[in-house]
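K.L.:
Let chain B serve as the given structure and place chain L on it in line with the hints.
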Amino acid sequence: GENVEQHPSTLSVQEGDSAVIKCTYSDSASNYFPWYKQELGKRPQLIIDIRSNVGEKKDQRIAVTLNKTAKHFSLHITETQPEDSAVYFCAASRGRDDKIIFGKGTRLHILP
Amino acid sequence: DAGVTQSPTHLIKTRGQQVTLRCSPKSGHDTVSWYQQALGQGPQFIFQYYEEEERQRGNFPDRFSGHQFPNYSSELNVNALLLGDSALYLCASSGLYRGLGEKLFFGSGTQLSVL
Chain B
1 GENVEQHPST LSVQEGDSAV IKCTYSDSAS NYFPWYKQEL GKRPQLIIDI RSNVGEKKDQ
61 RIAVTLNKTA KHFSLHITET QPEDSAVYFC AASRGRDDKI IFGKGTRLHI LP
Chain L
1001 DAGVTQSPTH LIKTRGQQVT LRCSPKSGHD TVSWYQQALG QGPQFIFQYY EEEERQRGNF
1061 PDRFSGHQFP NYSSELNVNA LLLGDSALYL CASSGLYRGL GEKLFFGSGT QLSVL
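Quick note, the sequences are listed as chains B and L, same order. In terms of my numbering, the first sequence has 6 at position 6, counting the first letter as 1, and numbering is strictly consecutive. In terms of my numbering, the second sequence has 1031 at position 31, counting the first letter as 1, and numbering is strictly consecutive.
If we strip away everything but chain B, and leave its shape as in the complex, we get (with noise of 0.2 Å):
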């Protein structure tokens, strides 16, 4: 079945330098790719997507990438801040009605 492996499961950057979090896909028809955070507490929260027809993809201080070839795809967070300490989910769906499967999380710590 479909498979979303998530890496690291914990992150730990100085405040102001980037933060790269890495997933991996199995089904090669996934053509959909949210990033969720998760504070502590809280609910997942939609903070990017993608879809295979865009490679790239950025919003303010945040970007997604992704290699259908390889079906990876990744999240950047540059010049990070104390409130971008959270849990990240990548995920992957094959879009409109398909289930979306989610990744194990990484716990990004922002150090002072």
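Worth flagging that the hints you see were computed from the coordinates, not collected in a lab. Quick reminder that beta carbons are idealized off the backbone N, C-alpha and C, glycines included. Any given hint might turn out to be false.
What the hints assert, rightly or not - To spell it out: a stretch of chain B is covered by chain L in this simulated footprint if at least three of its residues, at any positions, have a beta carbon under 8 Å from a beta carbon of chain L; those stretches are:
{"id": "1", "segment": "45 to 58"}
{"id": "2", "segment": "92 to 104"}
Stated by the list, open to error - Computed list of chain B residues with no C-beta within reach of chain L, every gap over 10 Å:
{"id": "3", "residue": "Gln-6"}
{"id": "4", "residue": "Thr-69"}
{"id": "5", "residue": "Gln-81"}
P.N.:
For chain L alone, coordinates are given in the frame of chain B:
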């Protein structure tokens, strides 16, 4: 504009009991998906409801069942509870069939503890 609401927020049950969790989707949404999130793990897909029917199902046993009502709200039922069912149960809605896309909006979840 009300977001996704879930009830109750916390629940404690004993093994063998049955539980019902409830979800109201975001205004304008018509599709509800349920996820189980164990501690330190990512959300795992249980099933999706649209037009009062189960459209897709993840790798969960038949003890997990659901329902969607005409007003798009939904229930998740779990029978014969096991200790391993302890988790945060998240409801997510989307407005896929209304042209709003497949973006999921999550509720705050129901924390279920099975003793």
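K.L.:
Hints first: check each against the structure and report whether it holds.
P.N.:
Hints and how they fare:
Figure legend: the segment 45 to 58 of chain B, annotated as covered by chain L; annotation consistent (3 residues with Cβ-Cβ distances under 8 Å, at least 3 required). Counting residues of the segment 92 to 104 of chain B whose CB falls under 8 Å from any CB of chain L gives 11; the rule of at least 3 is met. Not every beta carbon of chain L lies more than 10 Å from that of Gln-6 of chain B, the smallest distance being close to 8 Å; the non-interface claim is violated. The claim that Thr-69 of chain B is not at the interface with chain L holds, since no C-beta of that chain comes within 10 Å of its own (minimum 24 Å).
The claim that Gln-81 of chain B is not at the interface with chain L holds, since no C-beta of that chain comes within 10 Å of its own (minimum 23 Å).
Violated hint: 3 only; the structure is consistent with all others.
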